[in-house]
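These protein sequence lines are chains A and B, in that order.
Just so we're aligned, residue 1 is where the first sequence starts under this note's numbering, counting upward by one.
Just so we're aligned, residue 1 is where the second sequence starts under this note's numbering, counting upward by one.
FYI, nobody ran anything at the bench for these hints, they're computed from the structure.
All C-beta atoms in this analysis are idealised placements derived from N, C-alpha and C, irrespective of residue type, glycine included.
Incorrect hints may have been included.
[As the list claims (entries may be wrong)] Looking from chain B toward chain A, a few residues come up when the C-beta cut is under 8 Å (computed):
1. 191
2. 197
3. 198
4. 205
5. 206
6. 227
7. 230
8. 270
9. 274
10. 281
11. 282
12. 286
13. 287
14. 330
[What the hints assert, rightly or not] Some, not all, of what chain A presents toward chain B, calculated at C-beta under 8 Å:
15. 41
16. 82
17. 164
18. 178
19. 189
20. 193
21. 219
22. 221
23. 264
24. 267
25. 270
26. 276
Spelled out, the chains give:
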Amino acid sequence: MPDIMPPAPPALRVEDLTVRFRRRGIDVAAVNGVSFALARGETLTILGESGSGKSVSLKALMGLLPAYAAVEGGVWLDGREILGLPAGELAKLRGGEISMIFQEPMAALDPVYTIGAQIAETIVQHEGLGRRAAMQRALDLLDHVKIPSAARRLKNYPHELSGGMRQRAMIALALACSPSVLLADEPTTALDVTVQIQILLLLRQLQQELGMAIVFVTHDVGAAAEISDRIAVMYAGRFVETGTAREIMHAPRHPYTQGLLASTVHGGQRGRLLETIPGAPPNLARVPPGCAFAPRCRYTTEPCTRGEIPEAISPTGAMARCVRVVTPIPTHAINEVSA
Amino acid sequence: MLSDPRDRGGPAQPLLLVEGLRKHFPVRGGLLNRQVATVQAVDDVSFLVRKGETLGIVGESGCGKSTTARLLMRLIEPDAGAIVFDGDAVGDRHGITVNAMRRQMQMVFQDSYSSLNPRMTTAESVAYAPRMHGLPAKEATERADNLLAQVGLNPPQYARRYPHELSGGQRQRVNIARALALEPRMVILDEAVSALDKSIEAQVLNLLSELKQRFRLTYLFISHDLNVVEYVSDRILVMYLGRVVETGPVGAIYARPRHPYTRALFASKPTLDPDRRTTEMPLTGDPPNPINPPSGCRFRTRCAFAQAICAEAAPPLAAPLDQAADDTSEHRVACHLAEAQQARAEYHA
């Protein structure tokens, strides 16, 4: 515990979040102890491959997981504990103080209501505004997310919009009640590159104007580098490394992060063999003891498999969960291993 | 390099020559289900693929890159255009049949799951085409086992598995093995690595380059990922709304893209560096609907430099005006504007 408490509670604080799916005798440990705190105006990206538990973590925060999921730990929204709230209380928060955008806007928007009706409904529900005032606010919101000819688009159904436009409409819907926390689950993954960069820039700009905290979940290293203040790299349900975007992108310390960045194709690699991470991520029903990455790691030594790996925290607050970071091996040894 | 007995035209003959390829899909509607519009999916596309090279096709959704692949395989019939495979016109009386072409040209799709038969084991899937082409069952199975080993799937462990028992990366390896089962000379990879996680994508890309050397393959590599296309391709083709806007050697285009669309596309690429983030939108809006595309240059509605002439005439795909006479790079661009046609020393990608 720090001696001096910050003046205001963080917009979102998550403490030791675990999610297990228990069904038909199979016990899947999807999230294994995730902790972070996020201030207003800050963007944390959870970067991980499929099955790493990043989307499940977000859904657990929103209380969107099915009943057979056992969620434990603590989640505080503006200082108020929200995990385990009754469904009615939670429904008041969702779309109000905390809201979420998804990868597939077509699945997230209701196909039988117009964009305007859907945004206005949220405002009426949460803030008790009249229909007319809510519609006016919906129009302002569409303007805000830079949808051209917003008045006309208000009367459109989701299928009448293009992919990028739908994504903007969903962002407008999520921001309708000025949430303090926005959860973004791969919102740019299904978009074309030229549209993706527009949405990333829009989110960055909206955050500056509205000051919400954003948790951005992605598997795309490029999107993470564009939008994040801090990045948390997730593997097998755990954060294996956290740090500022600069620390993670320029000086990754965990072998998984290093492997992930090295295997991401970027310019100037023509004619060279790509560095790869051998093998595949572990089955979350049978996570090996110790470091979950150990079976794929080229630096694995005996301590890696011996039980919980402690977090090594640098003076800047960056964390890496790796035995090598606790006791750095001498440089000549690294050269021998990679040679 | 040893000569390939299947090589008919010699090294100078392009393996694949595509001339004026066109496909317009009718859009029907209304009371009498009459044709109300046309999707100009692929419109007058011409290119060639040389023996042993990798041609990359890039573009956004709806640009016609996948339709082009399907037209080449004759999974859909083109409205117009000629396809010449190693000097033989495909489907022509004096050329080769579509079936003969397909034996030499195979395809790998994006969705590794839906492209495999869920009721066939991996070995059965790989052995299927050779058996259909007359190979005895025993030999076909041997070939399947051999190919599974070549793509890094140990046959005793994987040959009897069904698609749902494999991970996405493993399934895509099976698809690659199946594509190689008829010993093709050319493989079309349509977003073949796009659905894979990055660490798996790198493994499959390495596998593809290994197989290319071992089996002396020619690739047509279709992707929306500009970094991956740069990595694998020798030459690239940039498509926009059914037309080719720029083509040339990968080095020349990535160092100096000429078409305003190509430039915007490259500028949209995330930088991977938090210190040099993108600050301005290279393009606004989405790609327009390929139903009734804009007149003249199809990019003009999103182009920051568009002039009156851009609406009047479609620019031809031609060598830029400032290209030196001895320049054999075959860099071609379809744009009326001076920005694309003249050397601009101050421009750096």
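Okay, the hints, checked on the actual structure:
1. For the restraint placing residue 191 of chain B at the interface with chain A, the shortest Cβ-Cβ distance is roughly 13 Å, beyond the 8 Å limit, so the hint is violated.
2. Residue-level restraint check for residue 197 of chain B holds (minimum Cβ-Cβ distance to chain A is 4 Å; threshold 8 Å).
3. The beta carbon of residue 198 of chain B is positioned within 8 Å of a beta carbon in chain A (closest approach about 5 Å), and the interface hint is therefore held.
4. The criterion of a C-beta within 8 Å of any C-beta in chain A is met by residue 205 of chain B, whose closest approach is roughly 6 Å, and the hint holds.
5. Because the closest C-beta pair between residue 206 of chain B and chain A is about 5 Å apart, less than 8 Å, the hint holds.
6. Because the beta carbon of residue 227 of chain B sits about 5 Å from the nearest beta carbon in chain A, less than 8 Å, this interface hint is met.
7. Proximity of residue 230 of chain B to chain A holds as hinted, the smallest CB-CB distance being about 6 Å (cut-off 8 Å).
8. Against a cut-off of 8 Å between C-beta atoms, the interface hint on residue 270 of chain B holds, since the closest Cβ of chain A lies about 3 Å away.
9. Taking 8 Å as the C-beta cut-off, the interface hint given for residue 274 of chain B holds, the closest approach to chain A being about 4 Å.
10. For residue 281 of chain B, the shortest C-beta to C-beta distance to chain A is roughly 5 Å, which falls under 8 Å, so the interface hint holds.
11. The interface hint given for residue 282 of chain B is met, as the beta carbon of that residue sits about 7 Å from the closest beta carbon of chain A, less than 8 Å.
12. At a threshold of 8 Å, the smallest CB-CB gap from residue 286 of chain B to chain A is about 4 Å, leaving the interface hint in force.
13. For residue 287 of chain B, the interface hint holds, the least distance from its beta-carbon to any beta-carbon of chain A being 7 Å, beneath 8 Å.
14. The interface hint given for residue 330 of chain B is violated, since its Cβ lies 18 Å from the closest Cβ of chain A, which is over the 8 Å cut-off.
15. At its closest, the beta carbon of residue 41 of chain A sits 17 Å from a beta carbon of chain B; the interface hint therefore is violated under the 8 Å criterion.
16. Using the Cβ-Cβ criterion of 8 Å, the hint placing residue 82 of chain A at the interface with chain B is not satisfied: the shortest such distance is roughly 31 Å.
17. The restraint placing residue 164 of chain A at the interface with chain B holds, with a minimum CB-CB distance near 4 Å, inside the 8 Å limit.
18. Annotation: interface hint on residue 178 of chain A violated; nearest CB of chain B at approximately 25 Å, more than 8 Å.
19. Taking 8 Å as the C-beta cut-off, the interface hint given for residue 189 of chain A is violated, the closest approach to chain B being about 11 Å.
20. Satisfaction of the interface hint for residue 193 of chain A is found here, the shortest Cβ-Cβ separation to chain B being roughly 4 Å, below the 8 Å cut-off.
21. At about 6 Å, the closest approach between the beta carbon of residue 219 of chain A and any beta carbon in chain B falls short of 8 Å, and the interface hint on this residue holds.
22. A hinted interface residue such as residue 221 of chain A counts as satisfied when its beta carbon comes closer than 8 Å to some beta carbon of chain B; here the least separation is about 6 Å, so the hint holds.
23. Interface hint at residue 264 of chain A: satisfied, since its Cβ lies 5 Å from the closest Cβ of chain B, which is below the 8 Å cut-off.
24. With a least beta-carbon distance of about 6 Å to chain B, the hint placing residue 267 of chain A at the interface is held under the 8 Å criterion.
25. Restraint check, residue 270 of chain A versus chain B: the minimum CB separation of about 6 Å is within 8 Å; hint holds.
26. For the restraint placing residue 276 of chain A at the interface with chain B, the shortest Cβ-Cβ distance is roughly 4 Å, inside the 8 Å limit, so the hint holds.
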